[in-house]
Structure formats: structure tokens, C-alpha cells
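> Next come the chains, spelled out residue by residue.
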Amino acid sequence: MDVRSGPSATEAHAVIKGVTRVFRLPSGAALHALGPIDLELKRGEFFAVVGPSGCGKSTLLDVLAGLAAPTEGTAMFEGKPIAGVPDGVGVVFQEDASFPWLTVEDNVAFGLRRAGVDAAETKRRVDYAIGFMGLRDFAGAYPSQLSGGMRQRVCIARTLVLQPRLILLDEPFGALDQQTRLLMGDELLRLWRETSATVLLITHALDEAAMLSDRVGVMSARPGMFIDFVETGWERDRDSRVVSKPHFGEITARLWNKLRSETMKIMGVADRAPDAARKSA
Amino acid sequence: MKPDAWIRLLVVAAFIGAIELLCRTGVIPYAVMIPPSEMVVELVAILRSGEMTVDIAATFGNVVVATLIVVVLGFVAGLAIHAAPWLRLSVEPLLASYYSVPTFMFYPVFIVLFGIGSAPIIAIAVLLAIVAMITATLNGLDRIPNVLRKTARIHRMSRVSTALLVELPAAAPYLFTGVKLAVAYCFIGVIASEFILSGSGLGYEIAYAYNNFENRKMYALMLLVLASVTLVNMVLNTIDNRLQARQRR
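Protein sequence lines correspond, in order, to chains G and Y. First residue of the first sequence? That's 1 in our numbering, and the numbers climb one at a time after it. First residue of the second sequence? That's 1 in our numbering, and the numbers climb one at a time after it.
Here chain G stands alone, though its shape is the one from the complex (with noise of 0.2 Å):
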């Protein structure tokens, strides 16, 4: 295995304590969605979370947002605890989240006028923005006149303008095609790079987790619980090409190992994985 040499830092820059979720379901009863959970985020880390479906992982990464309350435990970024959306974190979701009636420029000033940044930093950042992520040439135009990716790009860009510290992305690539989700993992890393700030990763696709992270938290079938961390042990300077790499496919391999007992069970079948293969595993 590399040695890894990502970020230097060990800091912890988020951290959750025994935190828990449950949903009040219409009918009265509780659905106990996540936890008990601990994780610590350091300072500068690539974290991705992969898990079975409704594990729990979006709510996990609701709770660092501020967009949801533990129901127990406890939220801290940089040393305070989350109460809301603190400042300095930053999201990006699944689904387009750009906004149809601005031109992406002012979808990627969008945040800075809020804040009330004034005009000529404004342009700065967002015009290094834009031409970050490849949009230089649609500046004028509408989110509607762009493809899924590009619109993806533009909600990436509006939160890299805001040069948050904690960077939270919710399957941000989950619907796009493969070819164009290993390009995006590309910028995604060339911006941690540049920016140093904290990534936390929620995806599905455990070779997206194994190529970009650091360090890859696996949780279990509901209530979400890690029930695994792997440390990848890549260069920060990498690139998508580590697919081609053996210890790319001993990740995968092992992340996978971890997860099929778990989406089995929210399938409810039995596993009937030959004795040979269930030994190796």
C-alpha cells in the first residue's frame, strides 16, 4: 500500500458524539433512520461515506449542514456545536439546485451578493470560479441551456465562491453518466487541493469513494452505524487515473465486502454467496 501523505494536519475540524436521528413517521410511530454515530473529521481530509440505500447518509450529512437537529448526541464544527447552518460549510446536492431564472454567472454570485461582498471581489472570484470549472463560455447563458454536468458544475462553483472550510456533497454526481462522473472527480479533487478545505463525500458508487477519499466510512443497513473505515492511502496529488491502479481494486473490493451483507439485508435476502467466496471475503 501507498503511504499515504494527504494532509498534514490532524486536527479535527467536524466531529459528531453518539448522534442520533428518528423521524416521527404520519402513523405516530418512530423511525429510527441513523445511529449511534461518531466520526471525526480532520482538518484538510477527503472523507467519503458509502452505505445501502436509506442508511442514512444524507441525514448524517443533514446534521454537519445544520439542516437538521440530532435527536441525541452531538454536532461540533471547529470546536462549536451546530446549531443551524454554521458559517464556513458549504453543500451541494444530488439534484440540480441551480436557480432556472439566473444567467450562471449571477447563479455563481448568487451567495457573495448575499453575504454583501462588494462588486469588484465579486467578479473576481466568481469569474476564477467559472473559469474553474470549465463554464467561461456559458456565463450569459441559462441553466436550461446547459446540460446535467454543467449545470452541476454551476452549483459547484456557487459554493466554491464562498470558499467554505467544510465542503458537504450529497451524491453530487449521481446522475450523471460514468465517463463525465470520473471528469468531475477530477475537478472535485483538484479543487480540495486547492482550496485545503474539508470534504465529506455521501455517495453511492464505491469506486467514486475509493478514487477520491482519503479515508472511506462504510455504514451499515438502518439505523446508519460505520461499521467500517478504510484508509485509502493515496497521494493528495492524485487523479482519476488510480482506477487503473491494483490497490484501487483492493479498496473497491474491500469496501464491497463490507457493504453486500448490509444491502442484502435491505433487500431481505439471504446470501448465498458460494462457501469459497464468503471464506475470502
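Worth flagging that the hints you see were computed from the coordinates, not collected in a lab. All residues carry an ideal CB built from backbone N, CA and C; glycine is no exception. Among the clues, some could well be false.
[Unchecked claim] To give an idea of the chain G side of the interface with chain Y (calculated C-beta under 7 Å), a few residues:
1. Glu95
2. Trp101
3. Phe138
4. Ala139
5. Gly140
6. Ser144
7. Leu146
[To be verified] Derived list of chain Y stretches under chain G, where covered just means 3 residues or more per stretch with a C-beta under 8 Å from a C-beta of chain G:
8. 154 to 161
9. 167 to 180
10. 218 to 229
Given the coordinates of chain G, assemble chain Y onto it according to the supplied hints.
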């Protein structure tokens, strides 16, 4: 212009041409209908003389006032119904069956309540149009993607900022459909009411001309109403198409 627009124009032109021909050859007697070209000549003469200016102003004034009331009241009522799910549950079936009620039958009630003049005319137009605006508002609010509201929260926007800067523009295309329908219903409501409970306005003048066998005047005024609603609709459709095109994902 796109090919389908040319075809549409051709169909309308052919229809007008056919009416012109049937009138000129006497298949349609002059006492029944005058040729469209004469309608235009008569309309220009009426507009030049200024004899109808007061009536035209009264009708369009009533339409504008009724539309403004419908848009504001309909939007506010839509917001209130959307905000209270229990209210929506009980009111929605009534809204769905609303247009089965012949609104005009209430005209004696409005005369008793508001007297003669613009007030009962505006009241009937509002009654006719308001549910279309309420329904459009509900539809617009329903269709705001939840992810846009979440984005507003991530930007730490207040409830008012979220409503004005995110929800309103996101719902705008659907709200505008309501405005479009409100204008159309208000035109119908105002002109039809003028036929039965007014002493002025285009509807009254058309009915008056009809009762006095003034065919030329009657058709000229009908043409004026048709041309006006067509023009207003074209403008509204252009805006609507632009809004809808931006909303497409």
C-alpha cells in the same frame, strides 16, 4: 417565424378570406354579417370620431381593475390555502368543481349589493377569474423544488428573503399562467356583464347596436374586442414562453 406559425397565420387568413368572399357574393346576407374588410373600415371611422372613447376606457379600466384584484387576492388566498394543509384538504374539492357554477346567475345579487356601475361588473369578473389564480398559485408553490429551499437555508436566508428571492421566482412561470387566465376571464366577465347590467362599455354598445339593427357598428366593435384580446394574449404568451423556457430542466 417558424413553419407552424406560418401555417396558423394561413389558416386564419383563409378563414377571413372565406367569410369576405361569402359576404361579398351574398351567400351570407348583408343583414346577417358585413364583410370583414368593412368591419375594419367602420372600426377605423369609430375610433377616429372618438364617439366610443368613453366606452373603450370604461371596459378596459374595468378589466385592469378586475385583473389587479384577482391577481392580488388570488395569490394571497393561494398562499393561505397552501400554508394550511387542513384548509386545502377541505377547500380543494370546491375549487375543482367551481367552474361548473354559472357565475352570471348571481348578477341580481351584485346589483343589490353594489348598485349599477362598474362595481358589480368588476365583482362578477373577479368571481369568474379568481379561482384560476388561486389554482395557479397552489400549483406554482407545489412545484418549487425542495432542493431550492434547502439551498436558501444553506445560504442562511431569512424566511422573507427565501420567499422573495427563491420561492417567488421559482413559482413565477406558474403564477404567470394564472395571470394569463385571469386576464382572459376578466375580459369575458367584464364584457359579458356589460351586456346585462351596464349603461356603458363595449359590451353595452355591442348589445345596443344589435338591438337597433346597427350591424356595421356592432361588428366593428366585436372586431375591436377580438383584436384587443388577441394583442393582449400575444404579449402575455411571449412573456409566458420566455419564463417557461428558462424553467425547463
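> Against each hint, give a clear statement of whether it holds in the structure.
Going down the list of hints, with the structure as the test:
Look at Glu95/G: its Cβ gets to within about 4 Å of chain Y, closer than 7 Å, so that hint holds up. For Trp101/G, the interface hint holds, since its Cβ comes within 7 Å of a Cβ in chain Y; the closest pair sits about 4 Å apart. With its C-beta approaching chain Y no nearer than about 14 Å, Phe138/G sits outside the 7 Å limit, and its interface hint is violated. The closest approach between the C-beta of Ala139/G and any C-beta of chain Y is roughly 16 Å, which is over the 7 Å cut-off, so the hint fails.
The interface hint given for Gly140/G is broken, as the beta carbon of that residue sits about 13 Å from the closest beta carbon of chain Y, more than 7 Å. Against a cut-off of 7 Å between C-beta atoms, the interface hint on Ser144/G holds, since the closest Cβ of chain Y lies about 5 Å away. At its closest, the beta carbon of Leu146/G sits 10 Å from a beta carbon of chain Y; the interface hint therefore is violated under the 7 Å criterion. For the region 154 to 161 of chain Y, the stated coverage by chain G holds: 5 residues have a C-beta nearer than 8 Å to a C-beta of that chain, and at least 3 were required.
Counting residues of the region 167 to 180 of chain Y whose beta carbon lies closer than 8 Å to any beta carbon of chain G gives 3, which reaches the threshold of three, so the coverage claim holds. Given as covered by chain G, the region 218 to 229 of chain Y fails the check, having 0 residues with a CB less than 8 Å from a CB of that chain where 3 are the minimum.
The structure shown violates the earlier hints numbered 3, 4, 5, 7 and 10.
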